[in-house]
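Listed here are the chains, written in short residue letters.
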Amino acid sequence: MSELAAVLPGVLEKAGWSVPGGLVPVLAMFICASIVAAAMGLSAAVLVWAERKLAGHFQCRLGPVYVGGKFGWLQSIADGIKLLLKEDIIPADADRPLFRLAPYLVVLGVFLAFIAFPVSEKLMVADLNIGIFFILAVLTLEVFGVILAGWASNNKWALLGAMRAAAQMVSYEIPMGLAILPVVVEAQSLSLKSIVAAQSGGMLRWYVFQPPFFMGVSFLIFFLAGLASLKRAPFDLPEAESELTAGFHTEYSGMRFSFFFMAEYAGMILVSGLAAALYLGGWHGILPGQSGAMWFLLKTAFLVFVMIWLRWTLPRLRIDQVVYVGWKVLTPFVLACVLGQALMAYK
Amino acid sequence: MAELYGPLGLSCLLHGIFFPYFIAFGVIILFLRRWEKAAMAVSILASSTVLASTLMLFARHQGLAAGHEGVLPAATYTLSWLSTDSAAFQFGYILDPLSVLMLIVVEVVSFLVQVYSIGYMHGDPGRARFYAYLSLFSGSMTGLVVSPNLLQTYIFWELVGLCSYLLIGFWWHKPEAAAAAKKAFVMTRFGDLGLFIGLLMLLHAKGNAAFTDFGTLGLPAGLATCISLLIFCGVIGKSSQFPLHVWLPDAMEGPTPVSALIHAATMVVAGVYLLSRSAPLFLASETAMLVVLSFGVVTAFVAATMACVQRDIKKVWAYSTVSQLGYMVLAFGAGSSQASMFHLFTHAFYKALLFLGAGSFIHHAGSNDLFEIARKGGRGMRITFWTTVIGALALAGLPPFSGFFSKDAILVAVKENCHPLWYISVMFVGFLTAYYSFRVVFILFRKQEAGPGVAHGHGGHDSPLVMTGPLMVLALATICVGAWEGGFGHYLSGAPHGALHWDVAIPATFLALLGIVLAGASFGSGGREEGVLDRLPVMEIPRRKYYLDDFYYWVTQKIVLGFSFLCAYVDRHFVDGAVNGVADTVRWMGSQWSKMQTGQVQQYLNVLILIFSILGFGVYLTVKF
Amino acid sequence: MSAEKVAFFILSGLTLGGGLAILFSVRLMRAVVYLLVSLFGVAGLYILLNAEFLAALQVLIYIGGITILMVFGLMLTGPGQFVNPAESRLKAVAAGVSSLTTAIVLLLIVKKTKWPAGTQALAGDTTAEIGRLLLTDHVFAFEIASVLLLVVLVGVALFVRLARDGGKP
Amino acid sequence: MITLQEYLSVGALLFTVGLLIVLFRQNAISILMGIELMLNAANINFVAFSNALGGLTGQVLAIFVVVAAAAEAAVAIAIIVLLYQNLGTVDVEKARNLNG
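Protein chains in written order, with the numbering used here: chain A, 1 to 347; chain B, 1 to 625; chain C, 1 to 169; chain D, 1 to 100.
Simulated from the structure, these hints should not be mistaken for lab results. Just so you know, not all the hints are guaranteed correct.
Below, in silico cross-link-like pairs of lysine to any residue (SDA-like), each with a Cα-Cα straight-line distance of 25 Å or less [claimed, not checked]:
#1 C:Lys111 / D:Gln5
#2 A:Lys328 / D:Ala70
#3 C:Lys5 / C:Ala103
#4 C:Lys114 / B:Gln592
#5 A:Lys122 / A:Met294
#6 C:Lys111 / C:Leu16
#7 D:Lys94 / B:Gln603
#8 C:Lys5 / C:Ala21
#9 A:Lys122 / A:Gly10
#10 B:Lys206 / B:Asp85
#11 C:Lys91 / B:Gln592
#12 C:Lys111 / D:Leu4
#13 B:Lys415 / B:Val291
#14 C:Lys111 / C:Gly96
#15 A:Lys70 / A:Phe305
#16 B:Lys595 / D:Leu87
#17 C:Lys114 / D:Ala42
#18 C:Lys5 / A:Ile31
#19 A:Lys156 / C:Leu76
Starting from the given sequences, assemble the full structure and let the hints guide the process.
Here it is in structure tokens:
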């Protein structure tokens with residue numbers, strides 16, 4: 001963003017627009033926000049398409065394989081148009097302001113997290129020196145939005161789903177946050193840029209491959225916990241269709257529904273991207289010297305693919321299993337990793 | 001026994017006198033309350049240990065005295081118990097002829113009583129407790145005897161009082177016994193109060209002075225008189241002098257061995273012993289001596305008259321005891337503590353004999369009434385009867401029995417040192433004594449009446465040997481100890497051997513015989529229950545106990561209770577009213593204020609915040625930032 | 001008026017407005033949302049004060065933890081609690097008076113005191129320094145805080161057990 | 001440039017708002033919110049001082065306050081839930097066992 005703000009006056013001058021100097025940062029912010037929002041929308045469309053296709057192939061579903069023009073690209077557009085045009089229904093007994101607010105909060109959380117999303121050395125909105133911590137913090141907004149959505153709907157399934165979501169997300173935030181610690185200890189920084197920069201020099205410098213593999217275990221835990229906080233299968237208890245209709249967003253339709261939808265796919269990208277940046281070397285390539293946004297996007301895409309793959313192959317867990325795994329498996333393991341890495345770092 | 005004369009042997013002897021009773025008491029009360037035979041064995045073992053120690057101590061003392069010119073000086077063996085800046089409190093033993101003599105009296109009688117009680121208390125469910133109390137009592141009495149100073153004496157004095165309370169009320173389920181125990185305790189307490197004040201005054205004036213220093217205290221005359229009289233108050237209570245004597249006859253509610261032990265031979269003579277112990281203090285004051293003398297004479301006379309009209313055998317001996325205690329006190333008042341102690345010595349044996357004999361009768365007849373005992377065949381109990389006769393002879397003061405010699409010494413002292421009026425009075429008391437003692441004998445001598453309650457026509461069986469044995473031992477002592485009259489004074493104070501004073505002995509004996517004849521004339525034949533004296537109208541006064549009980553009753557009921565009611569009224573309506581008024585006011589104010597405590601934390605916080613902000617405003621206005 | 005000033009006023013407005021909205025909101029769930037707004041404003045103020053770490057912490061702990069906890073509390077205390085009962089007028093007046101007095105006094109004192117002039121700005125990356133301080137100068141307080149958290153963990157678990165067993169230990 | 005006084009004023013006002021909530025509201029959860037606001041007001045002051053004086057101690061202290069607030073909220077919510085189970089209400093005026 002700072003680079004953008006630096007080059008922006010020149011660009012504007014060439015275009016012949018005159019803008020007061022004080023407004024330049026604001027304009028830069030606005031441009032960045034638009035880009036992120038557009039990226040989020042676009043990625044949602046792409047991911048819906050990918051998910052459909054993959055599900056079709058994993059589970060031999062005929063529809064997604066054949067429908068929608070060449071490679072089924074029209075299907076996503078049809079989806080988008082449908083969501084835009086659909087009637088926006090608000091239940092009669094709902095708490096209307098909160099009902100409206102909830103989707104925005106959910107999207108806002110993910111959206112804010114993208115501020116520190118490190119696509120490449122240059123291509124990031126802002127390199128915050130508390131980057132990863134900031135992302136973890138703002139992601140909690142999503143939890144609040146989910147609860148609000150479930151509660152404001154005045155629907156028992158929605159409420160139950162929201163409660164489940166809150167319990168699950170709050171409890172998985174702990175292993176997720178702790179899993180980052182070994183990386184932070186090793187990189188001596190919270191800034192994502194520094195963390196990625198510390199992994200330059202080929203595949204073997206990626207943190208996930210660093211012996212004695214504390215960070216490798218952390219990576220698995222981070223990925224699993226991220227999956228759980230995204231409420232994706234096999235952790236999709238909050239929106240378990242067979243039990244709760246659609247969980248906390250049962251009553252939502254139209255654009256408001258698409259916001260949750262968008263937040264989920266953006267979240268997938270976010271978690272995958274973070275995992276890539278933290279453990280898989282970010283924008284660094286397999287061989288030393290290689291670098292660029294492409295590497296980052298490739299790694300992220302691979303992780304997203306794994307997520308989709310898991311979703312369509314694994315059955316759903318029970319809620320007690322989810323809580324058990326979170327508190328009694330992941331948390332102790334990640335604590336052991338943190339301790340081990342701290343001992344490694346202690347010279 | 002040579003080693004007994006060394007210091008180690010001596011300390012063993014002293015501890016052997018003092019501790020066994022307390023150990024026995026502790027063991028019995030803690031462990032053996034359910035195991036009566038073991039309790040008895042332990043108690044008697046302790047008693048015999050003490051008796052043996054005492055006799056050895058006496059032997060040692062005699063051995064030392066034999067090689068010594070005059071009387072042996074008193075020896076004290078003390079430990080410092082408590083030291084302050086102003087006074088050191090010593091705890092220990094005193095050894096002098098007086099204490100050794102007293103030890104013999106106490107331990108011999110205690111031992112015999114304990115043996116006798118095997119028979120008397122046979123089958124009583126509380127025997128273990130009884131023996132525990134007996135041990136504690138004897139131990140306390142021993143402690144009192146060996147006390148080297150007034151403070152230790154006072155401690156054991158109170159312990160003795162406590163034991164007498166426990167033993168008189170031993171059959172606490174009998175209301176009379178409980179009342180008698182209470183009465184004894186309260187009555188002696190009046191006297192003890194005086195003793196305590198005297199003790200405090202002495203402590204204040206001279207610290208914890210030993211008895212051996214009493215002669216050289218150098219107290220001002222007034223203070224000496226005062227302290228003496230206060231000590232004498234304690235004696236009046238404990239030795240049951242007129243007018244506090246009323247507890248002693250009632251105390252006969254206790255078991256008879258207790259009567260013998262406590263109220264004949266040991267406890268009541270504690271007062272007399274204390275008089276002798278503190279003799280130097282009394283001798284310094286004419287007034288005190290006169291008071292002592294008059295109290296003694298009045299007591300002797302009053303008690304003797306009352307003894308004449310009793311039907312209860314134990315009451316007779318009880319009043320007789322009071323009377324004889326009066327003798328001892330008056331002897332002291334007449335200036336002869338030697339005669340007093342001698343009488344104590346002889347009286348202990350024959351009065352114990354009489355009490356134990358009475359117990360034997362009662363045990364047999366199941367009644368205290370003289371005539372009832374006679375009807376149940378009292379004279380068939382030969383040993384008991386004849387030992388009682390010996391005791392009565394001694395009591396009446398006929399030669400050659402011990403009472404004759406000790407009374408002779410007293411009469412001599414009174415005749416020599418006092419106004420003739422006292423002498424005549426004491427003589428008259430001697431006449432009465434002979435009368436009432438033989439009144440008992442003659443009544444008991446009556447033939448047994450055939451009746452449905454008596455199985456055999458030829459008189460009752462005598463008591464078992466454990467009861468008659470002590471009787472015989474005591475009878476022997478009664479006959480013999482009088483012979484010591486000549487040596488007694490020498491033993492006690494180093495005075496030259498005395499002789500009988502015939503000018504006193506002959507009229508006394510004559511009067512005693514007159515009393516016996518009168519008693520025989522009244523009760524010797526026929527079934528009459530009233531003698532010559534009984535028919536005198538004036539005898540109504542002793543029969544009503546000189547109206548003392550009525551007086552005490554009136555005092556307690558009318559005056560004390562009336563005053564109490566007045567106090568209670570004032571207390572309830574004025575003092576309590578004021579207090580309650582204050583309390584009610586406070587409570588009312590509290591209830592009003594407590595309405596502020598609504599339980600609403602928010603209100604509290606509100607007030608708090610308001611006050612804080614006002615204070616903050618004050619800070620803002622006053623403090624320069 | 002600089003952009004910083006504008007941001008300050010907006011964030012202060014969010015903070016105080018959120019607080020006042022809690023005061024006047026009738027529905028508790030909305031009050032929680034207002035609380036969220038207020039806390040966000042505080043986080044923004046932290047950023048203005050060069051305390052980014054604290055701002056993130058504020059969001060993480062308060063929004064991710066405490067407000068969610070409050071929502072849970074609301075849900076567990078029954079539907080009748082969503083709407084506040086009407087408070088008495090006297091209480092309102094009393095609370096208003098003492099709060100107003102407090103506010104006035106505090107503001108007066110803030111105004112009157114000569115505060116030290118802001119001298120040196122903080123260095124860019126304060127996070128590492130905070131971490132160092134936590135584990136050196138303030139390590140005792142740090143340990144106390146960890147013990148406190150442990151106690152709270154155990155204590156709340158006990159409470160939950162009490163609640164499950166119907167209030168009987 | 002925003003002065004220290006302005007931050008402190010915001011802190012004071014936020015404190016007052018929290019106080020008002022604590023004094024006025026009857027619902028225990030509302031009161032808890034008020035308390036959180038008061039703690040935040042204190043934190044604003046700490047951080048403002050920290051910024052003005054150029055030290056980090058104020059921020060460290062604020063961190064401890066946040067920790068304490070989290071612990072306090074957890075316990076308070078647990079207590080409120082228990083209160084609800086025992087009294088059937090979370091109205092603090094109903095919980096008047098402290099009544100004198």
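Going down the list of hints, with the structure as the test:
Proposed proximity of Lys111 (chain C) and Gln5 (chain D) is supported: the alpha carbons are some 7 Å apart, at most 25 Å. As the CA atoms of Lys328 (chain A) and Ala70 (chain D) are separated by approximately 23 Å, the hinted pair is consistent with the 25 Å bound. For the suggested pair Lys5 (chain C) and Ala103 (chain C), the alpha carbons sit about 23 Å apart, so the restraint of at most 25 Å is met. Pair hint Lys114 (chain C) plus Gln592 (chain B) does not hold up; C-alpha atoms about 47 Å apart against a cutoff of 25 Å.
Distance restraint check for Lys122 (chain A) and Met294 (chain A): the Cα-Cα separation of roughly 13 Å lies within the 25 Å cut-off, and the hinted pair is therefore satisfied. Note on Lys111 (chain C) and Leu16 (chain C): the hinted pairing holds, with a Cα-Cα distance of about 19 Å set against a maximum of 25 Å. Straight-line distance between C-alpha atoms of Lys94 (chain D) and Gln603 (chain B) comes to about 13 Å, which keeps the hinted pair within the 25 Å bound. This hinted pair checks out: Lys5 (chain C) and Ala21 (chain C) have alpha carbons roughly 23 Å apart, not beyond 25 Å.
Distance check on the hinted pair: Lys122 (chain A) and Gly10 (chain A) sit about 18 Å apart at the alpha-carbon level, within 25 Å; holds. Restraint check: the Cα-Cα separation between Lys206 (chain B) and Asp85 (chain B) comes to about 13 Å, which is no more than 25 Å; the hinted pair holds. Taken as a hint, the Lys91 (chain C) and Gln592 (chain B) pair is honoured in the structure, with Cα atoms around 21 Å apart against an allowance of 25 Å. Among the hinted pairs, Lys111 (chain C) with Leu4 (chain D) is consistent with the structure: their alpha-carbon atoms are about 10 Å apart, no more than 25 Å.
At roughly 17 Å between alpha-carbon atoms, Lys415 (chain B) and Val291 (chain B) fall within 25 Å of each other, so this suggested pair holds. Among the hinted pairs, Lys111 (chain C) with Gly96 (chain C) is consistent with the structure: their alpha-carbon atoms are about 22 Å apart, no more than 25 Å. With a C-alpha separation of about 21 Å, the suggested pair Lys70 (chain A) and Phe305 (chain A) falls inside the 25 Å cut-off, and the hint holds. Only pairs whose Cα atoms come within 25 Å are accepted, and Lys595 (chain B) paired with Leu87 (chain D) is accepted, the gap being roughly 23 Å.
Our distance criterion of 25 Å between C-alpha atoms is met by Lys114 (chain C) and Ala42 (chain D), whose separation comes to about 19 Å. Between Lys5 (chain C) and Ile31 (chain A), the direct Cα distance comes to roughly 23 Å. Compliance with the 25 Å bound is thereby established for this hinted pair. Under the criterion of a C-alpha separation no larger than 25 Å, the hint pairing Lys156 (chain A) with Leu76 (chain C) is consistent with the structure, at around 14 Å.
Hint check: a violation occurs at hint 4 only; the rest are consistent with the structure.
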